[in-house]
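Peer 1: Dock chain B against the given chain A, drawing on the hints supplied.
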Amino acid sequence: MVAEQQATEILISAEDLALGYPGSAAFPKATGGGTNVIEHVTLKVPRGAIVSLIGPSGCGKSTLLKAIAGLVAPTAGTMTVGGTTPAEAARRRQVGMVLQDATLLPWKTALDNAGFLLSLAAPELGRTEIRARAKENLRLVGLEGSEDKLPRQLSGGMKQRVAIARALTLSPEILLLDEPFGALDAITREEMSYLLLDIWERTGKTIVLVTHSIDEAVLLCSDVHVMGARPARIIDRVTVPLPYPRDPRSFDDVRFRETEAVLREHLLASHGRAQAPQRAAANRGAA
Amino acid sequence: MQRPSQFRILDAAPSLVLGLILIALWEAAIHVFKVEVFVVPAPSAIALSLAQNAGLLAQATLVTAEEVLVGFVLSTLVGAVLALLIVRFSLLGRALYPIIVLFQTVPKVALAPIFILWFGYDLSPKVVLIVVIAFFPVTLDMLAGLQSVEPGLIALMRSVGAKENDILFRVRIPNALPHLMAGMKIAITLSVIGAIVGEFAGASAGLGYMIQFASTQLDTPLVFAALIVISVVGVVFYYLIELLERAITPWAPKFDPAHQH
Numbered sequence: 006m007v008a009e010q011q012a013t014e015i016l017i018s019a020e021d022l023a024l025g026y027p028g029s030a031a032f033p034k035a036t037g038g039g040t041n042v043i044e045h046v047t048l049k050v051p052r053g054a055i056v057s058l059i060g061p062s063g064c065g066k067s068t069l070l071k072a073i074a075g076l077v078a079p080t081a082g083t084m085t086v087g088g089t090t091p092a093e094a095a096r097r098r099q100v101g102m103v104l105q106d107a108t109l110l111p112w113k114t115a116l117d118n119a120g121f122l123l124s125l126a127a128p129e130l131g132r133t134e135i136r137a138r139a140k141e142n143l144r145l146v147g148l149e150g151s152e153d154k155l156p157r158q159l160s161g162g163m164k165q166r167v168a169i170a171r172a173l174t175l176s177p178e179i180l181l182l183d184e185p186f187g188a189l190d191a192i193t194r195e196e197m198s199y200l201l202l203d204i205w206e207r208t209g210k211t212i213v214l215v216t217h218s219i220d221e222a223v224l225l226c227s228d229v230h231v232m233g234a235r236p237a238r239i240i241d242r243v244t245v246p247l248p249y250p251r252d253p254r255s256f257d258d259v260r261f262r263e264t265e266a267v268l269r270e271h272l273l274a275s276h277g278r279a280q281a282p283q284r285a286a287a288n289r290g291a292a
Numbered sequence: 005m006q007r008p009s010q011f012r013i014l015d016a017a018p019s020l021v022l023g024l025i026l027i028a029l030w031e032a033a034i035h036v037f038k039v040e041v042f043v044v045p046a047p048s049a050i051a052l053s054l055a056q057n058a059g060l061l062a063q064a065t066l067v068t069a070e071e072v073l074v075g076f077v078l079s080t081l082v083g084a085v086l087a088l089l090i091v092r093f094s095l096l097g098r099a100l101y102p103i104i105v106l107f108q109t110v111p112k113v114a115l116a117p118i119f120i121l122w123f124g125y126d127l128s129p130k131v132v133l134i135v136v137i138a139f140f141p142v143t144l145d146m147l148a149g150l151q152s153v154e155p156g157l158i159a160l161m162r163s164v165g166a167k168e169n170d171i172l173f174r175v176r177i178p179n180a181l182p183h184l185m186a187g188m189k190i191a192i193t194l195s196v197i198g199a200i201v202g203e204f205a206g207a208s209a210g211l212g213y214m215i216q217f218a219s220t221q222l223d224t225p226l227v228f229a230a231l232i233v234i235s236v237v238g239v240v241f242y243y244l245i246e247l248l249e250r251a252i253t254p255w256a257p258k259f260d261p262a263h264q265h
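Order-wise, the sequence lines are chains A and B. If you count by my numbering, then the first sequence holds residues 6 to 292, one letter each, in order. If you count by my numbering, then the second sequence holds residues 5 to 265, one letter each, in order.
Bound conformation, chain A alone (with noise of 0.2 Å):
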């Protein structure tokens, strides 16, 4: 598995990086301006992969998910995607991304919403080639028939399908997720996770998850990258041994409570230094 990902390309890379936010024009100091978020990130993600940031809240991993797209710039270090600059690849459509709220325009309906990203990007498709990509790609998150719906007509979990439909039309090479099925109740999210196993199988896009559900990355994923906080950094990848296609029986696998186990063990590590490892060797003891 490990041998076989080492020979398809990197598409997303990044070296040494360090993240921060500028902060606020007029009180950069005040909102957090010049200081770093993340420093000494490495981490590379191969074409058609689906892999999952994972981690305790304040870690970065949003962070780190923003940088890929282009909405943070690097202050040290280097990063690149598909070959060029996280920006340009956005300006590019190669980065399609998925926020936790939805973050639909409530006066467009959930047809003009998926197409709205696509026709800021590229006005010159025309509205009529808009949304005919924009109405194939609700289809394929399930929606076909809810085009005409406004934001307030649609559940939750409906409403991020189409932030979702909104990325994918933008045709782009990868897919980010930041907490996408976070709001959403316990059902739903499982839901959200096949739609989106099926969505990864049927277009072969790569998968970048920002998640704090070690079920859900377990699920999705074949790779996982477990950040810790103080300082925030990657800590461990954990490749998750379980074939394709995954579906709820995945979570009766043996192998899929290994690899849970195990990413438990390191968050509760990264959690708190004092009594974390203890807590950690008691369940390893346990087992």
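If you are wondering where the hints come from, they were derived from the structure by calculation, not from laboratory data.
Straight line, CA to CA, 25 Å or less: simulated SDA-like cross-link-like pairs of lysine to any residue:
| hint | chain 1 | residue 1 | chain 2 | residue 2 |
| --- | --- | --- | --- | --- |
| 1 | B | 258 | A | 112 |
| 2 | A | 113 | B | 257 |
| 3 | A | 154 | B | 257 |
| 4 | B | 258 | A | 151 |
| 5 | A | 113 | B | 170 |
| 6 | A | 154 | B | 256 |
| 7 | A | 113 | B | 154 |
| 8 | A | 113 | A | 155 |
| 9 | A | 140 | B | 178 |
| 10 | A | 140 | B | 158 |
| 11 | B | 167 | A | 25 |
| 12 | A | 113 | B | 172 |
| 13 | A | 113 | B | 174 |
| 14 | A | 113 | B | 250 |
| 15 | A | 113 | B | 148 |
| 16 | B | 167 | A | 106 |
| 17 | A | 113 | B | 162 |
| 18 | A | 113 | B | 158 |
Peer 2: Just chain B, lined up with the frame of chain A:
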């Protein structure tokens, strides 16, 4: 999604019943305590005055309604344009906003005699007074609407190469429309006040002028009659804006004063 209209009539029933009870109590109290008509007229006396002076009141209403309408439209334009300038040109905004806020502390009613001095007795001093009184809530609400756009979406738009004008025209302005409507509802009530104050300060026609004239004659029923007409004018304008709101922002949640869903 909209409730059927018969429920809307039922919704109004409690207010109607309460209103009729209050009017009946008022009428009874005047007769029981034998209050002089020039102090507090009974509802029946006011109704009689309304009927007798219908022609005069109608003429005055046209004058005042014109002042309110022109003043209100200009207030909305001035208020909205100021908000757009503040958001679009941040340096100008930072310079302008404190001055606008400072201007709000001026008691604008006291400016009425000055405007009469500058602009004469006809429409223009009333319109200027209305704009000065009513543009501020429009500016404030419009600003809130222009700025309450999800930062995540703005970041996504910028990342695919959207320009500031794209963000302004395709997201900020549509997002601000429901807020603008809320500001306009406040502005219309302030516009009615502005017109009446303007007429008090100096006028030869209008409902405010009529109130002042009637009170010098101790014709209190006519004062009340004119007051009722002004209130009706205000309510009609207010609901016209609600209709406009439903037409141009159908996606926005309906304003529901009693929080009933």
